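Student: As they're listed, the protein sequences go chains A and B.
All letters in the first sequence, in the order written, are residues 0 to 292 by numbering that gives the first Met the number 0.
All letters in the second sequence, in the order written, are residues 0 to 397 by numbering that gives the first Met the number 0.
By construction, these hints were calculated from the structure, which means they are not laboratory data.
Just so you know, nobody snuck in bad clues.
Have a look at the derived ranges for each label pair, beta carbon to beta carbon:
id	chain 1	residue 1	chain 2	residue 2	range
1	B	Asp378	A	Arg110	40 to 48 angstroms
2	A	Asp245	B	Gly376	25 to 33 angstroms
3	B	Gln213	A	Gly172	49 to 57 angstroms
Computed from a prediction, not measured in an experiment: that's the story for all the values here.
Quick reminder that beta carbons are idealized off the backbone N, C-alpha and C, glycines included.
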Amino acid sequence: MLIKPEDRVVVQGITGREATAMVEDSLAYGSRVVSGVTPGKGGETVRGVPVFDTVAEAVAASGATVSVIAVPAPAVLDAALESIANGIRLCLIMTERVPRLDTARLLAAARSRNCRVIGPNTLGLIRPGVAKLGTIGGRADNVRRSFMPGRVAILSRSGGMTTEIASFLTGHGVGQSIAIGVGGDPIVGSNFRDLIELVEQDPSTDAVVLYGEPGGTAEEELAGFLMAHPSRLRINAFLSGRFVDDMPGTRFGHAAVIVEGSRGSVRGKRQALQEAGVFVADRFDDILEGLSK
Amino acid sequence: MRLLEHQAKRLLTEFGLVFSDAVVATTASEAAAAAEKIGGPVVVKAQVPFGGRGKAGAVRFAQDPSEAGAHASALLGRELRGELVVSVTVEPKISFKREFYVGVAWDTASKLPIALLSDAGGIDIESVGRIVRRNFDPWRGLDAFAGREMASALEVRGKIMVQLGEMLGRLSSAFLKMDALTVEINPLVETMDGILLGLDSHLELDDDALVRHQPMLGRIGEKRSGNAVGRAPTALEIEAQRIDAMDHRGVAGRVVEFDGDLGLLIGGGGASLTVFDAIRRHQGRPANYCEVGGNPTEEKVAALTSLILAKPGVRHLAVIMNVVNNTRADVMAKGVITGIKRVGRKPAEVLRVFRIPGSWEGEARDLLSVEGVVALGRDVSLDEAARLAVERSRRNAD
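Could you build all of it, start to finish, from the sequences and the hints given here?
Tutor: Shown next as structure tokens:
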């Protein structure tokens, strides 16, 4: 699912401080980070990984098919287009604060070239015991403590909560087949509804734990999809930010109301998911409900 | 960032969109003079960045200059929904045959921009009017024919159909070029002379793209770098923003003030929401919501800790984060200890809960242990940590 043990990874923006730490942690966990790209720094190495000036060179030299983008926000659109133009099939964008227009533009390009995008604004994804992409879990020793192989998929709008949920499940003897931080932005490459189809088809997964938040329509879209396509999976959801429903917020204009309707509130998300057969945990600790060891 | 109506109109005019002539006034006499010059009935509108201004009493009609001056004087300096009115606009009251709504927004389901047209302008269009929607390509914009098809779907004919199509194209192009999140003209009216004229407009820009629009913001005299909640920020919230801006590393300052006695330093983004919900469910009384994340420096954490504790009535502090990925638990611990001491208090006396499992948690545990605080580990869930924070605050209430 998404990443196989043999997949080779190129990191765009590899010479940055956080990217360097991410490469070190990923290698220590067993991910095959085979090349990096920073324009103008071709010929250097980062933690033993060769750096190239362009993705084209990196792909030619290393056979990478997966990219992790860790460049500053203003450079993300171009970096993603470069990945897409060079045949990358999975592009994970860690950078936060990417302008929404840039995200929409790179996603339009990705669709036309069949490239799957995860993020922006994600800490990454992990298949426990196989590989991880991004900073998810942090240092390799912490990753091993938090994540363990098993049959539950975690799909989360928060990177931090991805690790928290995994650590909680692991502490109760429940392992994970995959954990994906889908990204915290209103528009991301792969949201719950896009990913549930992959998980549905994965024979190594029996159940899903979802983490949702106020705003956006990702939870409602998933609920709508599940109503039309009932799932074989046990799906548990935890929604945070209930207090946000009670805070004064003022709508600005009508466009948001026309496009999103009453979607966006935690109360509404909860109801939509429940109607679609999803178990919604009241307390965080209830996410274990119905998951077998 | 939500712009004021007159700023929005000014920017949209650059894209060939046409509005009624409005004069910006900051005093009652300026408003009266503007009405005098216009002659005839006018509309006086408070310039505040929120929708539903009519219902909030921010839009008033005047028959003559003295009435316009009186309205301006009543509005200026007043707070409407927490926003101080520093300017009003004065414009002629326009008679019209019919009204429309045009807008462009982001459609998160299709991940594309969406153009919207309705044949009912005004305040309740989403329940009254017929609405035509059309997604368009974020690179190419809305094709001219697509705009005409939208108008034609509402059975608008003749010159107005052509004008509406053009207007939708211009609005879509403005939306893309300005990095807008929402732009709308509402109402857009067909005047008695048969031309389309915008009477009001909303424009919200993407905060994450403001950096590439500095010249544009300069033209409308805008110096803000973005805004958040539906009320003016408190002094504590502003100070937290300043602390966050000290250093680009990590987030340590998205703070919203509440009036309880339990100070919170919680993170990251998702866990802070989870913990805040849990504190409320366990009947805790939070002094603030706060989000810490990424890799903040010790000084940033210390400054935020002191800020939260310095607030009158804050007697307890809970520091709770998810199992951290790239945040260093030891740096958080050092910052929290320094911040507590800086306001003349002792960690063991105010720090009810410290729960940051993950990278460098062992080092964090040792630092706290020296101060007489027992750090909680990952075996204590976020919910349980919140419950303990509330229980221990209550026990130490006196």
